[in-house]
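Here the structure of chain H is known, so what remains is to put chain V in place on it, guided by the hints.
There are 2 protein chains.
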Amino acid sequence: MSKTTTIAFDADDTLWHNENLFEEHHRKYCQLLSEYHDAETVESTLFRTEMRNLELYGYGVKSFTLSSIETAIKLTDGAIPSDELRRIIDFGKDMLAHPVELLEGVTEVIETLSTAHDLILITKGDLRDQERKIAKSGLSQFFRHLEVVSDKKSEDYSRIFRQHQIDPRNLVMVGNSLKSDILPVLELGGTGIHIPYQLTWEHERVASAPNQSTNFYELESIKQLPELIATL
Amino acid sequence: MSKTTTIAFDADDTLWHNENLFEEHHRKYCQLLSEYHDAETVESTLFRTEMRNLELYGYGVKSFTLSSIETAIKLTDGAIPSDELRRIIDFGKDMLAHPVELLEGVTEVIETLSTAHDLILITKGDLRDQERKIAKSGLSQFFRHLEVVSDKKSEDYSRIFRQHQIDPRNLVMVGNSLKSDILPVLELGGTGIHIPYQLTWEHERVASAPNQSTNFYELESIKQLPELIATL
Numbered sequence: 708m709s710k711t712t713t714i715a716f717d718a719d720d721t722l723w724h725n726e727n728l729f730e731e732h733h734r735k736y737c738q739l740l741s742e743y744h745d746a747e748t749v750e751s752t753l754f755r756t757e758m759r760n761l762e763l764y765g766y767g768v769k770s771f772t773l774s775s776i777e778t779a780i781k782l783t784d785g786a787i788p789s790d791e792l793r794r795i796i797d798f799g800k801d802m803l804a805h806p807v808e809l810l811e812g813v814t815e816v817i818e819t820l821s822t823a824h825d826l827i828l829i830t831k832g833d834l835r836d837q838e839r840k841i842a843k844s845g846l847s848q849f850f851r852h853l854e855v856v857s858d859k860k861s862e863d864y865s866r867i868f869r870q871h872q873i874d875p876r877n878l879v880m881v882g883n884s885l886k887s888d889i890l891p892v893l894e895l896g897g898t899g900i901h902i903p904y905q906l907t908w909e910h911e912r913v914a915s916a917p918n919q920s921t922n923f924y925e926l927e928s929i930k931q932l933p934e935l936i937a938t939l
Numbered sequence: 708m709s710k711t712t713t714i715a716f717d718a719d720d721t722l723w724h725n726e727n728l729f730e731e732h733h734r735k736y737c738q739l740l741s742e743y744h745d746a747e748t749v750e751s752t753l754f755r756t757e758m759r760n761l762e763l764y765g766y767g768v769k770s771f772t773l774s775s776i777e778t779a780i781k782l783t784d785g786a787i788p789s790d791e792l793r794r795i796i797d798f799g800k801d802m803l804a805h806p807v808e809l810l811e812g813v814t815e816v817i818e819t820l821s822t823a824h825d826l827i828l829i830t831k832g833d834l835r836d837q838e839r840k841i842a843k844s845g846l847s848q849f850f851r852h853l854e855v856v857s858d859k860k861s862e863d864y865s866r867i868f869r870q871h872q873i874d875p876r877n878l879v880m881v882g883n884s885l886k887s888d889i890l891p892v893l894e895l896g897g898t899g900i901h902i903p904y905q906l907t908w909e910h911e912r913v914a915s916a917p918n919q920s921t922n923f924y925e926l927e928s929i930k931q932l933p934e935l936i937a938t939l
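Sequence order for the protein chains is H and V.
Using the numbering used here, read the first sequence as starting at 708 and increasing by one per residue.
Using the numbering used here, read the second sequence as starting at 708 and increasing by one per residue.
Derived from the structure by calculation, the hints contain no laboratory data.
Each hint should be verified, as a subset may be incorrect.
Each pair may be met inside one copy or between any two copies, as identical chains are not told apart.
To be verified - Straight line, CA to CA, 16 Å or less: simulated EDC-like cross-link-like pairs of lysine to aspartate or glutamate:
#1 K735 to E762
#2 K860 to E838
#3 K781 to E791
#4 K843 to E808
The shape of chain H in the complex, shown without the other chains:
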């Protein structure tokens, strides 16, 4: 059996599809505003609004919806009819109500790894939304702890590890975001396994991957995870 005792997983875009729903919202949103501005202007203005509101709102669909409404009012100088703003609210509700679509191979991998390791889930965003997705995923019973956090900086990981008496040197974190899942855990002495998703939100992009480190791995698919874990 491998020395790794605890495996922590990110959820959105690591276990289930998420960014594709935001992408779909962006597409419909740009379409809605296309008579006022080109898609590039809409996208960049929305991103700036989101970043300005991040400290106050935090992550998640409700924050995104509020920033989308604010941006639409601004970009149209208040000319957008309110039934179109109502459509933006509905886009958000559709995202919240959307079924959870697991990535290929997830259930088998999680089930397999849970027999020899403690699994924990560490995800950021709206509390209610993340709890609902965890429940819908059918995976809760395989995780020893479920942690919804408002941010994923190294101090957030540190607090979780301390609370559950986990030594980061015996921990592997698996996720699609170098910035939120991998770098903060490497900083604490843990191991990071990066499995990129097909899409990355601009805010989660980092300039470069970590330096080659014995604690950093990259995989193409979660299906390769049990084999790698067995070698650690």
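What follows is chain V alone, placed relative to chain H:
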């Protein structure tokens, strides 16, 4: 020393003012819509929207803001100008950015009780907003655990008590809501101390107080708490 080992506190309207901010939003909101409808119609329609969205959105200021926008569009048949919707977004931001105003006597009481008991904070709402308020309150260092939950039903309390290995029979819960703070804890065999706030949101009202029980107490002010705790 009393047998009570752990004292759990609700936060909003138990340690700091909160409902007064919502009340202020309601006043400004009714004013904004006063040329379309009387305040009673506005209030009852907003409440129905909030209840319909509760399962999807959960509690908190962002949910409230989204429901306020949705209701304003509906009540004006889409005639509300978008700069007025922008004002509703700003009301919500003002609430999120508002300073935390502790109730009278809170700091002294919490500091005193923390010397002989484990204190935990159990609050529901937006994760980011509640964490920010806890930080702003200056009280974090007195609490052993801070728990932000998406709901406060008996199963939510049960999960927290299990996680921290707390026997509810040795626990006292202090809060302003009979429905969310007191009844679920009495159900689990704990002790409930109800300290009503000057305002109660309609959703938190219950038809009647618990039957006289040896585990239920009511106080007028948190300043009376140490004396009561000493007798338990």
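Hint check:
In this homomeric assembly, K735 and E762 never come within 16 Å of each other (Cα to Cα): the closest approach is 26 Å inside a single copy and 25 Å across copies. For the identical chains of this complex, K860 and E838 are inter-copy neighbours only, at 15 Å across copies versus 21 Å inside a copy, given an alpha-carbon limit of 16 Å. Proximity of K781 and E791 under a CA criterion of 16 Å is satisfied in both settings, with 14 Å inside one chain copy and 12 Å between copies. In the homo-oligomer, the alpha carbons of K843 and E808 lie at most 16 Å apart inside one protomer (9 Å), although the nearest pairing across protomers, at 38 Å, exceeds that limit.
When each numbered hint is compared with the structure, a violation occurs for hint 1 only.
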